[in-house]
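> Here are the chains, one letter per residue:
Number of protein chains: 4
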Amino acid sequence: MSADASNQAMLRRSKPCSTALLLIDVINHFEFPDGDQIARQALKIAPKIARLRSRARAAGIPTIYVNDNFGEWRSELSVLLSRCLRPGARGARFVEQLRPDDEDYFVLKPMHSAFYQTPLETLLRHLGSKTLILSGLTTNSCITCTAHDANMRELELIVPSDCSAARTDEEHKQALLHLKSTLGAKTGRSTALKLNECTDRTS
Amino acid sequence: MSADASNQAMLRRSKPCSTALLLIDVINHFEFPDGDQIARQALKIAPKIARLRSRARAAGIPTIYVNDNFGEWRSELSVLLSRCLRPGARGARFVEQLRPDDEDYFVLKPMHSAFYQTPLETLLRHLGSKTLILSGLTTNSCITCTAHDANMRELELIVPSDCSAARTDEEHKQALLHLKSTLGAKTGRSTALKLNECTDRTS
Amino acid sequence: MSADASNQAMLRRSKPCSTALLLIDVINHFEFPDGDQIARQALKIAPKIARLRSRARAAGIPTIYVNDNFGEWRSELSVLLSRCLRPGARGARFVEQLRPDDEDYFVLKPMHSAFYQTPLETLLRHLGSKTLILSGLTTNSCITCTAHDANMRELELIVPSDCSAARTDEEHKQALLHLKSTLGAKTGRSTALKLNECTDRTS
Amino acid sequence: MSADASNQAMLRRSKPCSTALLLIDVINHFEFPDGDQIARQALKIAPKIARLRSRARAAGIPTIYVNDNFGEWRSELSVLLSRCLRPGARGARFVEQLRPDDEDYFVLKPMHSAFYQTPLETLLRHLGSKTLILSGLTTNSCITCTAHDANMRELELIVPSDCSAARTDEEHKQALLHLKSTLGAKTGRSTALKLNECTDRTS
Numbered sequence: 001m002s003a004d005a006s007n008q009a010m011l012r013r014s015k016p017c018s019t020a021l022l023l024i025d026v027i028n029h030f031e032f033p034d035g036d037q038i039a040r041q042a043l044k045i046a047p048k049i050a051r052l053r054s055r056a057r058a059a060g061i062p063t064i065y066v067n068d069n070f071g072e073w074r075s076e077l078s079v080l081l082s083r084c085l086r087p088g089a090r091g092a093r094f095v096e097q098l099r100p101d102d103e104d105y106f107v108l109k110p111m112h113s114a115f116y117q118t119p120l121e122t123l124l125r126h127l128g129s130k131t132l133i134l135s136g137l138t139t140n141s142c143i144t145c146t147a148h149d150a151n152m153r154e155l156e157l158i159v160p161s162d163c164s165a166a167r168t169d170e171e172h173k174q175a176l177l178h179l180k181s182t183l184g185a186k187t188g189r190s191t192a193l194k195l196n197e198c199t200d201r202t203s
Numbered sequence: 001m002s003a004d005a006s007n008q009a010m011l012r013r014s015k016p017c018s019t020a021l022l023l024i025d026v027i028n029h030f031e032f033p034d035g036d037q038i039a040r041q042a043l044k045i046a047p048k049i050a051r052l053r054s055r056a057r058a059a060g061i062p063t064i065y066v067n068d069n070f071g072e073w074r075s076e077l078s079v080l081l082s083r084c085l086r087p088g089a090r091g092a093r094f095v096e097q098l099r100p101d102d103e104d105y106f107v108l109k110p111m112h113s114a115f116y117q118t119p120l121e122t123l124l125r126h127l128g129s130k131t132l133i134l135s136g137l138t139t140n141s142c143i144t145c146t147a148h149d150a151n152m153r154e155l156e157l158i159v160p161s162d163c164s165a166a167r168t169d170e171e172h173k174q175a176l177l178h179l180k181s182t183l184g185a186k187t188g189r190s191t192a193l194k195l196n197e198c199t200d201r202t203s
Numbered sequence: 001m002s003a004d005a006s007n008q009a010m011l012r013r014s015k016p017c018s019t020a021l022l023l024i025d026v027i028n029h030f031e032f033p034d035g036d037q038i039a040r041q042a043l044k045i046a047p048k049i050a051r052l053r054s055r056a057r058a059a060g061i062p063t064i065y066v067n068d069n070f071g072e073w074r075s076e077l078s079v080l081l082s083r084c085l086r087p088g089a090r091g092a093r094f095v096e097q098l099r100p101d102d103e104d105y106f107v108l109k110p111m112h113s114a115f116y117q118t119p120l121e122t123l124l125r126h127l128g129s130k131t132l133i134l135s136g137l138t139t140n141s142c143i144t145c146t147a148h149d150a151n152m153r154e155l156e157l158i159v160p161s162d163c164s165a166a167r168t169d170e171e172h173k174q175a176l177l178h179l180k181s182t183l184g185a186k187t188g189r190s191t192a193l194k195l196n197e198c199t200d201r202t203s
Numbered sequence: 001m002s003a004d005a006s007n008q009a010m011l012r013r014s015k016p017c018s019t020a021l022l023l024i025d026v027i028n029h030f031e032f033p034d035g036d037q038i039a040r041q042a043l044k045i046a047p048k049i050a051r052l053r054s055r056a057r058a059a060g061i062p063t064i065y066v067n068d069n070f071g072e073w074r075s076e077l078s079v080l081l082s083r084c085l086r087p088g089a090r091g092a093r094f095v096e097q098l099r100p101d102d103e104d105y106f107v108l109k110p111m112h113s114a115f116y117q118t119p120l121e122t123l124l125r126h127l128g129s130k131t132l133i134l135s136g137l138t139t140n141s142c143i144t145c146t147a148h149d150a151n152m153r154e155l156e157l158i159v160p161s162d163c164s165a166a167r168t169d170e171e172h173k174q175a176l177l178h179l180k181s182t183l184g185a186k187t188g189r190s191t192a193l194k195l196n197e198c199t200d201r202t203s
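Protein chains in written order, with our numbering: chain D, 1 to 203; chain W, 1 to 203; chain G, 1 to 203; chain S, 1 to 203.
Keep in mind the hints are simulated off the structure, nothing from the lab. From the three backbone atoms N, C-alpha and C, an ideal C-beta is built for every residue, glycine too.
Between beta-carbon pairs, the in silico distance windows are:
# : chain 1 : residue 1 : chain 2 : residue 2 : range
1 : G       : S18       : W       : D34       : 23 to 31 Å
2 : W       : D34       : G       : E170      : 24 to 32 Å
3 : D       : R125      : W       : T191      : 36 to 44 Å
4 : D       : R99       : S       : S78       : 52 to 60 Å
5 : S       : R99       : G       : R86       : 23 to 31 Å
Make a model of the complete structure from these sequences and hints.
If you want it as structure tokens, here you go:
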């Protein structure tokens, strides 16, 4: 009803930036088949994603969490977050390094791709994003799926090799190879990635 | 990543029901052009929607809130709710009659239609919904838009005449006429609507 | 497989133009309930649409036919066209005034909206369209539906009052009023519409 | 406008069948980077796809061609077909083995996935399809992309190992492995595939 008015308001608040950083499924309880194995792989990349997010923040690049709703269908980030951070939760040590704050966007997805039945496309249009940096879990499932959907929307792709993980290193590497050769994604390490300043852009 | 597993879990918890009740944009701050006028019209229908929701609950029919994110993009229902319920908020008396509870589904939408870039279609598939009862705000904008999208997905439509509102009675009535003649929606009063029991269905 | 390469090729051939003209469901056999009545109303507007299309052509504005597949699912424009033009066909006199030619785009739709499950959005992105001129059939069904979908994609709308039709004048006028007041569509006569030249634009 | 009526008519003509066979990008001119190499790989699988299609026909399983529009945007199958079959065309020997006939469905796609901005979802709903058999080109691009989209719509997947191809055998095998391990696709040879009879089903 007031979508236009509100979204326009948001648009005015945001500085246009041609790049956006996505964190996929990092608010995670890892309660699913192979979850324990993925949680172990995930733990290794948490500091890399956290650092990339800090650098993006400093460069004026917006961070968008796109996260499974884990069957809750309540659109309640705080509930999801506390569930994942409770003592003994499988991924608590991973998730606590990657909590969203008030400047981050947070979008729920019902299935694997960050685009399928989510408002991501509208948000990216408002932000002026042309290039996506994909990070999170897992390289060969949700990230691959999201990358294909981004490619069909003619967005450029960067998938830093040290900011996503899969069940095994082999699956992770194979997925990166696929994204590079099929979609032309850049798959170098995050530390080698130059983030262009977006603070002084005009629309 | 684990969407399948989680959604399957949710599916098993829900009883299949061929009907679903939608409450559109009822968690609302009415801070937009004509918002004051719409808030006055909305206040009249709040008790009718509340009663319909109670009857749906009793009949085992799931209630789905589909609500504008009002440009927040944080997926935080509790924040949205407290913003709309704070003292002095335009629609507080309306919203307090229609708070979602733990059994309700809550889906955010970025634009007018409840289907556009939202997980509603997946949720309805999981619930087994074939007929939608549409209520909320406003009859000639988000409800009309949602009705057209539901019709293209071959869902049957019920739009009770006393459970939605627009800026004026004239716009409301004209929209109902349009939905009836163009989409074959049933537009009788909610009190005349028979809700089939969904409690004993099997998938 | 080669979608990117081919579409890029097409994009290079097309001059960017911020406006596009849509002809909705004009290749029509009118074999459906009320088809005879709609065919009569349609006949009145055919010369107006034809003239608008000529003016658009002269101004470098692309014309896109978006047409029901009428349940054929064969993607064969020539078959659809000859079916609608055969002697005795209800709408032959209407359709013969509005045949697409080699410079026009032609997109099939399975349902009412020109956007739902069609490539229209991709085509418009390639063309650089920001404003749509909607014409064709019928004002209160497919055109209304398409207008709502265009509005959610933040496209501007022009629906010339003399280039669309419905079952009755009353339904036609009421739909125009709705599109004007709800979506801000311009609904003046086509003859009063100024078409900006798109022939000298650069991307 | 008359989408409902027409589609209902089509639905009545089709026998419901829980399986559908997709032929992806087989009507192809191979005029793109690596096209020559892919054409050579494609030629090997043409007889396998042709045989699978014959068996599907005999079993009452509908065949759906989902094909790139190659930037033409005219929805003219016969033109596309003659372009691909003309003497000297790179893929003529491949395409001539796989021409669609009047009983096949033919859907155009603007990008890689058979689902993205196409009416495939509506067609599958009408046909009652729950399982897709994917064949065609190429395994690691359009077929992978389509498989992910099918999985998010909760369709079962069969990707016969001898009915699709990529630039290299290695890419083909790696893609099959990915589809099997990530999406649970069945990837045995087509000759080992049992096609259930769909001729005697009721809706």
